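Colleague: Make a model of the complete structure from these sequences and hints.
Protein sequence lines, in the order shown, are assigned to chains A and B. Just so it is clear: in the first sequence, position 300 is 300 by this note's numbering, and no numbers are missing. Just so it is clear: in the second sequence, position 55 is 55 by this note's numbering, and no numbers are missing.
Read the hints as simulated data drawn from the structure, not as lab findings. There's no promise every hint is true.
One copy or two, either will do: identical chains are not told apart, so a pair holds if it fits within one copy or between any two.
Taking lysine-lysine and the DSSO-like style, the derived pairs with C-alpha atoms no more than 30 Å apart in a straight line are [to be verified]: (1) Lys161 x Lys183; (2) Lys224 x Lys24; (3) Lys21 x Lys308; (4) Lys161 x Lys21.
Every value quoted in this text rests on a predicted model; they were computed, and no experiment measured them.
2 protein chains.
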Amino acid sequence: MRGAVIHAPGDIRFETLDDPKILKPTDAIIRTAVTCVCGSDLWPYRGAEPTDAAHPMGHEYVGFVEEVGSEVTSVKPGQFVVGSFATSDNTCANCRNGFQSSCLNREFMSTCQADHVRIPNAQGTLVATDDIPDERFWPGLLAVSDVLGTGWWAAEAAQVKPGSTAVVVGDGAVGLCAVIAAKELGAERIIAMSRHESRRKLALEFGATDIVAERGDEGVARIKDLTGGIGADSVLECVGTAESMRQALHSARPGGNVGFVGVPHEVAIDGQELFFSQAGLHGGPAPVRRYLPDLIDLVLSGRIDPGKVFDLTLPLDQVAEGYQAMDERRAIKALLRP
Amino acid sequence: MRGAVIHAPGDIRFETLDDPKILKPTDAIIRTAVTCVCGSDLWPYRGAEPTDAAHPMGHEYVGFVEEVGSEVTSVKPGQFVVGSFATSDNTCANCRNGFQSSCLNREFMSTCQADHVRIPNAQGTLVATDDIPDERFWPGLLAVSDVLGTGWWAAEAAQVKPGSTAVVVGDGAVGLCAVIAAKELGAERIIAMSRHESRRKLALEFGATDIVAERGDEGVARIKDLTGGIGADSVLECVGTAESMRQALHSARPGGNVGFVGVPHEVAIDGQELFFSQAGLHGGPAPVRRYLPDLIDLVLSGRIDPGKVFDLTLPLDQVAEGYQAMDERRAIKALLRP
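Modeller: This is how it looks when you write it as structure tokens:
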């Protein structure tokens, strides 16, 4: 098979690799329908996370089941399946609590920018669609497997409620999907923080009611202006830098909540500052598996189209260009077709 | 009038001071029924907070209204009233959201270890009882005005639900009151972390089902043992040190919640650690005013008796001994009678 391998920051190669095999009776092998490049893939690409040795990349996928291990009965060869970047057995205590992304047997996916992928914990991780969906739905279902699920968790963790005001920090694919989630959960006012024309446009299309271009203290001041001086009920932090986290915390009202889903990089939160802000803070890897059935339905029913975050489509063998386009912010998110 | 003044760490004096006066039409003057020493008073007493100039002390009080400003209509002279350490107008946007401790006109109380006290924002802050309560209820009502309200907020912020498992970190008066709150909110299992015999006994009397004496990593390991390996649904952090906060965060299960009410001192929370713990975190000064009507009823009906946290009663003029006894952990909490 062939897939993407990172050798060093900025150095993504498309290479021939060993075909994936069933290693455990709980595994499945899928043939990738579509995959993509994630904003979080840019951390090692930009050298913000170390690359000690060359390794495959990618954790987003939808595809066709080719083979299943002896203990996998929930999906079968030929079916179209959607999964999550965090695999889960869906039976352990954390899974039963709805936090499958902290499954006691969790394995994070990391080899999905390839034409074939081994899925650990396949029984608990994969959800098959009733029929093979029309190709026009594939990008939306691919978004479900990570960026929409993550935006949804941001909205849930920020306790978005009907009639509330939500601020979305970050205009990447996750932030844009967080706008969809905030709208679906009933937010009356959705303020998207963005200064990029194409992203602002998509945020408005997804349901944002206001756009704030300012950042940092100026951005916070604008949010306060728009929220009667006290801040927003819910803030969805979809970046993960110290600046974005500070902006998010300062944008929430006392008693409001910040959902943070950007993996924090060099972020330290001062306990006393958090205390006196009286804002709640909840984040982590999104429990996508819990949301899959509902989000798949929302996409296949045509109610939402998170697939619009893919504004660049490339053949899988041009994966390196996908990284570069996203790194240079020429693309929001690059879809890859094997 | 006479009241307590701190001159330097360890130096509390009972002095003659100017009688309090109505300064604003929203003020009231009360004659103190009972007051007390708070765990947070020990921060400056121990030098962990600076004392640049001598100043009065105390923020907990119940008493009799003596005089009200021209805009105060909700209480009248002669009534017995309960308030909060954070005064609030009870009309601003934050108050309407139920976060009166972040009232836009908030003034923190700081002169209550005295026989008379000026209460700013009296209209929004003070709640009068229907009749003058029997003296045996005064300690309980005094606890309502701070430590019980704060423990209640810890339980609410930690999202204690019927049937859930709650851990209480801290066996001071707030921690012990947090046990009461967790029980009233329906926790099925309440694990109190304590190594002091008298406090453990009171925790059990208040509703704790388990006691854990270990601290730090050992304490966390014991909590994991008691919670099927994953941690507790809710953790109520009632101390405010870096160690207690770390212990609290590590004791919560993925998707669980930490309510933190000990004012954090030199606490920095690592963003990535919080992210992967998947625990929620919410704290701040307790919105006691929101709880007052219900908590007063719980005390006067005899359903709960948070007044038991006072295991030392002194005449007000011996306030310095109250500080010393609490500092040396000879007393959980010292009640002062003018």
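Colleague: Taking the hints in turn, state whether each one holds.
Modeller: Checked hints:
{"no.": "1", "hint": "Lys161 x Lys183", "result": "both (10 Å within a copy, 27 Å between copies)"}
{"no.": "2", "hint": "Lys224 x Lys24", "result": "between (53 Å within a copy, 29 Å between copies)"}
{"no.": "3", "hint": "Lys21 x Lys308", "result": "neither (33 Å within a copy, 65 Å between copies)"}
{"no.": "4", "hint": "Lys161 x Lys21", "result": "neither (45 Å within a copy, 45 Å between copies)"}
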